[in-house]
Each structure stands twice: as structure tokens, then as C-alpha cells.
Amino acid sequence: MGDFSLIISAVAGVFTDGITLFSILVGTFMGLIFGALPGLTATMGVALLIPMTFTMDAVPALGMMLGTYVGGIAGGAIPAILLNIPGTPDAVVTTMDGYPLSKKGRGAEALGWAAYASGIGTFISWSMLVFFAPLLAKVCVGFGAPEYAALAFFGLSIIAAVSGKTIVKGFIAGFLGVAISFVGIDPIWGNLRYTFGSINLMGGVSLMPALIGFYSIPQILNSCTFPSNPKMEKVQIKNFIPSLKDLWREKFTIIRSSVIGTIVGAIPATGGNIAAYIAYDQTKRIAKDPESFGNGNVKGVISAETANNAVCGGALIPLLTLGIPGDSVTAMLLGGLIIHGLRPGPMLFADNPSVVIGLFTALLLATLMMVLLQTIGIQFFVRVLSIPVNFLTPTLVVLSLVGSFALRNSYFDVLLALVLGGMGYLMTKADFPMAPTVLGMVLGGMFEGEFRRALRLNQGLAIFIERPIALCFILVAFLLIFSSIVRSYKIKKQNMDSN
Amino acid sequence: MDKKTRTYELLVSIFIFITTIFFLFISIQNPVKAPGKGIGPMEFPIVIFSIMILLVVVVLINNIRSRQASKLALQESTGKAEKKDLRLPLTMFLIVSYALTWKVVGFTLSTFFYIALQAKVLNRKSSNKMCILISMLAVAFVHLIFNVLFSIDFPEPLLTFVLER
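As you go down the protein sequences, you meet chains A and B in turn. Take the first sequence: its position 87, counted from the start at 1, is 956 in our numbering, and no numbers get skipped. Take the second sequence: its position 107, counted from the start at 1, is 635 in our numbering, and no numbers get skipped.
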């Protein structure tokens, strides 16, 4: 990474390649649309865009996905401000002051602040990503099978944290994902497992139809009964861009919220919603007029939007350096990296430095494009809110099934996506969280392979105690599981007491 | 948890329970022991399936217990009958039919009919012309992106048959 000429050539490669620039632009644009439409999320946007990137090189393909990620989180503020409906779960906090501002006739101002605060938040978290990720990767570069197994175990322990109050169901969903990863050829011995003689299953359950099945199809089915065109507050979009003076006035709110967002994002299983809550709460505590929060204080929008977008850069730190996705979007990005032949982790920085630099540059460009697209096209994104659900739903179904088909030109994958989609829909209806299934699927194979390799090479479990880094990861994982169980128990007890 | 969610929970748990038992049975039937301290291909799955079964049993017991507890409450409540929304079952039926007709009618025609029908099912007030127009545009868009740009060949048995004659 120290090679200056490599950095220059990789950065220049992104800036001068028309296809890369175009794909980042398309990704960001699609992300803003997915974020703006209530019921659709950045996760679904990334899942649907992965098939469109199969034939591309890694950097433009991943640039497109990163654009969708950044745009998807930022776009969630538009319906949050205008409809009081968060476009994504990350924008829940934005509704608190965004909608009251809109009701006061200051909707345009709130939209402007949301766009610029999101941009600055992502930029600050990007700076931290660029600074810390290579350092962390350097520390982790000497990892062997025991460390990787412990790392995957730590990643799997996040299942407990993302399961919320339904921890047992979360574990079941997670183990289901791990069980799906068993299908195919055994990673150590090469035996066929659970293929039932099908050639289509010999390579394992393909990641793309599984991601689409578990994420897109349940979401489409859940949103098909949404009412069309909810009532929107009237908003006149003019002079909505915050001036430099305004931005300077809010510098402390922006910097504080960015740092909170990045740190929260770097902690697996947290996410933009938590970051936005913490940043909002901190801003309210420090404010001279805390009573105005919730009634249309622009600082509320700034802190929430800065923090939830700052999560993007923070979440990429564990994803790229350790290969650990902290939430469903980053699990989807991990799937995208794997499909393009890249294995995130310390070796990614050593083996593919130009790709890593390309990704960093693409994230920066996506951030700039997200702000630019909102600045010149905010009218369009506001109009997106009136797209009729009855036309959107079938289009998304077609894209989902085409996406499942496209990777291997396999009709079997289409049927697989449907079966897993049906299963995913029933599971969401039964209150089973879906994020653990994706985490289990993505990390299950890695854990099994590395764990068995470590046992074979070192003749026993003692190796996990002898290697301090592996031991550290395992202890943290157990701590995470234990604290999640305690938290879940407390929530359950509180609910029972209140009943 | 409401009654509907509990019913779904029961169904999903029973399904996972039966499937997991089946896979556990297969795993036990094919034991391949590893030499030394390594583990064989079926040993890790056996552990995971066993834990899954235990966890599903916990969910099932909780579900049955909460059913019994809520029976009294249900008897007391008069509960209004929910108005049935047919859009969801019809959407499911259309999606499955759409996927199945790929191999028979072909991708282009089935996509065209699916989008037009689905749009009408979700909003009966939509005009037929609009549904057909949007459907045609969507088919053209998908073809442009995937077929022309990414050279992905979709199954087209009917069109191929007609064009070849």
C-alpha cells in the first residue's frame, strides 16, 4: 500500500474510466430511488444490482454497489421529511424533526440539510476508513487458520446481536444459513453433501438466488399491499442548499455526529439507526433549546442524517479488513465481493491493493455524486414518491428473478430463489429475523473450513487457546452472545412486567 | 405476539423441525470419520442440526404455551373479522406461474403478461392501456440491460419455434 505510484494509478484509473464513473453514477442514482421509496431498502438495491455487475470488472461493479449503499441510506430522508415515513430504517430519527419542519413549510430546507449532512458524514467516515483500514489490515496480515476460524466465529456471534428480542429465533435463522452453506462439496475432504444427486447443487447453493430469495422476495410480497401514493406535505423546492456560512455554523454538530456514526458503524451489528439515535440524543443534550427538538429543529435532521450516512465508511472497516459484515447491507456487499472473486480480509489489502484503492476512490466519488444528484435532481427524487406500487412491484419481481438467472444462466436458480423467497416470507411473518440467515450463509462455510483446517493442522482445540488473537476473538464473541442473551431476557421481562 | 404471527411461527417451526430431523438423519446415515483430531464432513453438520432441533423445540414449546395463555383472552374479546385482501395470494400465484412459464412460453411473453396482469391485480383502477404500455417498456428495459448489454440468453421456446417456422 506504500507504493505511491500504485495509489496514483489506481485513483486515476477510477477517475479516467468512463465505465467506472458511469456505473458509480447509476448505482448512486438507483440507491437514492431505493432509499426514497418506502418499503425498499439499500439492502434490496444492492441485491438487485449485483446481477447487473456480473460482466463488469471488480472496481466499477463494486463502485456501483457502494453507490447504491450510500445513495440508499441518504435517500431514506426524503420520505422521512415529506411523508413522515422513513424510506429506510436508518431514517427513523430523521422523521422526528424532518416532518415537523416540512409541516412548517421548511421541507426544502430540511431536504437540503439532509443531502449535505449525509454527504459530509460519509466523507468524514471515508477519511477514517482510508486511514484506519490499511493499518488494521497490516496488523491482521499474519492470520492463519485458527485466527480466521475465530474471526468467522466472531462474525457468526453477531447473529445474537442482530436478533433483537427474538434471540432464539435469530439463532435458528442463523443456523439455517449455516446449514445452507453445507450444501455442495465438503471444503476439506471433497465429499458431496446434501446434493441429492443434483448437478445444480454440487457447487453449493448459489449466493445470488439465496440473497434475492431471503431479502428481495419477502420485501416485495410485504410491500405489495401498501397503499399507493400516501399524502405528501406540499414543498417548494428552491433555495434549499445550505450556505457555507450555515455549514460552518453547524460544524460541531456535523463533526460530532460523523465521529459517532463512524464508530458505531465500525462496531458490527449496530447500524445507522442506532448511530442516528445516539447522535440526535447528544446534539439535543448539548443544545441551548432542547425543547425545540421534535418540533422541527434543523439540528435534529443534521445530526441524524450525518450519523446514519457516516455509518457507511465505518461499516466498511471490519468488512474490508476482517471480512466481517456488520449488518444486512454489508453482508450483501460481502456477497458482491465474493461473486467478483475477492475475499475480504487482511489478504485483500496485500493481494489486491489496486482494487482496495479503487474501492476507496469509488466510495468518495459515490459520496460526491450523491450530493450532486440531490442538488440538481431533488425534484425528481420527490416525484419518485408517487410511483404507483402496482407498477413497481412486478418490475422488482422480474428484476429479482432475472438476477437469480443471470449469474449461471440457470433456470434452477430462479426456482431456488422462489423457494427460498417463500421460506423467507413465511419466516418474516413468523417474526424470524432475516439478517442472521444471510450472515450464517456467508460466514458459515468460512468458519467450517477454517475451523476444520485449524484442527487438522494443529491436532486439537488447544490451538485456539495458544494463539492470543484467536483467543481474543473467541472471548469477545462469547461476551457478545452472553450480553445479547441478557439484553433479550431483560426486554422480555420488561414486557411481561408491563403486561 | 398476535394470533397470526403465532400461527406462522408454529408453521415455520414445524417445517424447520421436520426438515432438520430429515437432514440430521441423512448426516448420521453417512458417517465419515476423520483420522487424528480433525473432524469429518458430517460431524460439523450433525452438531449444527442437533442445536437447531433443540432451539426449534424451545420455540414450539413457547408457542404452545402462549397459545394456551391467550385462549382466555380470546374468549373475552369479540374481535372483528379482518377484511380479506386478495392481492397477496394473487401476487404469489402470479409470481409462481410467471417463473413456471419461462420454460413453456418463454421469458419475453411471460414477462409481458405477468407485469400487465400483476399491475392490474394490485390496482384494479389502473387503465388497461397503461398496464400494457408499462409492461412493454419494462420488457424492453430488461432486454436492453441483460440481453443486449450483458449478452444473457433467456429461454424463448415459443418465440424460437415461431421464428424457425
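Any given hint could turn out to be false.
Stated by the list, open to error - Cβ-Cβ distance ranges computed for the label pairs, FRET-style: (1) A/S1352 to B/L665: 48 to 56 Å; (2) A/K1107 to B/L691: 48 to 56 Å; (3) B/A597 to A/N1060: 23 to 31 Å; (4) B/S655 to A/L1295: 21 to 29 Å.
As the list claims (entries may be wrong) - With a Cα cut of at most 25 Å, we get these calculated DSS-like pairs of lysine-lysine: (5) B/K631 to A/K1361; (6) A/K1362 to B/K657; (7) B/K532 to A/K1298; (8) A/K1007 to A/K972.
Stated by the list, open to error - If you want the footprint, here are the derived chain B segments under chain A, 3+ residues with CB under 8 Å: (9) 613-620; (10) 643-652; (11) 676-684.
Worth flagging that the hints you see were computed from the coordinates, not collected in a lab. Even for Gly, the Cβ is constructed at its ideal location relative to N, Cα and C.
Here's how the hints hold up against the structure:
1. A/S1352 to B/L665: 48 to 56 Å: Taking Cβ atoms as reference, A/S1352 and B/L665 lie about 51 Å apart, which means the hint holds.
2. A/K1107 to B/L691: 48 to 56 Å: 54 Å, holds
3. B/A597 to A/N1060: 23 to 31 Å: Distance hint for B/A597, A/N1060 is violated at roughly 47 Å.
4. B/S655 to A/L1295: 21 to 29 Å: Hint violated: Cβ distance 35 Å, outside 21 to 29 Å.
5. B/K631 to A/K1361: 49 Å, violated
6. A/K1362 to B/K657: Given that 25 Å is the threshold and the Cα spacing comes to 56 Å, the pair is violated.
7. B/K532 to A/K1298: 8 Å, holds
8. A/K1007 to A/K972: 51 Å, violated
9. 613-620: holds (count 5)
10. 643-652: holds (count 7)
11. 676-684: holds (count 6)
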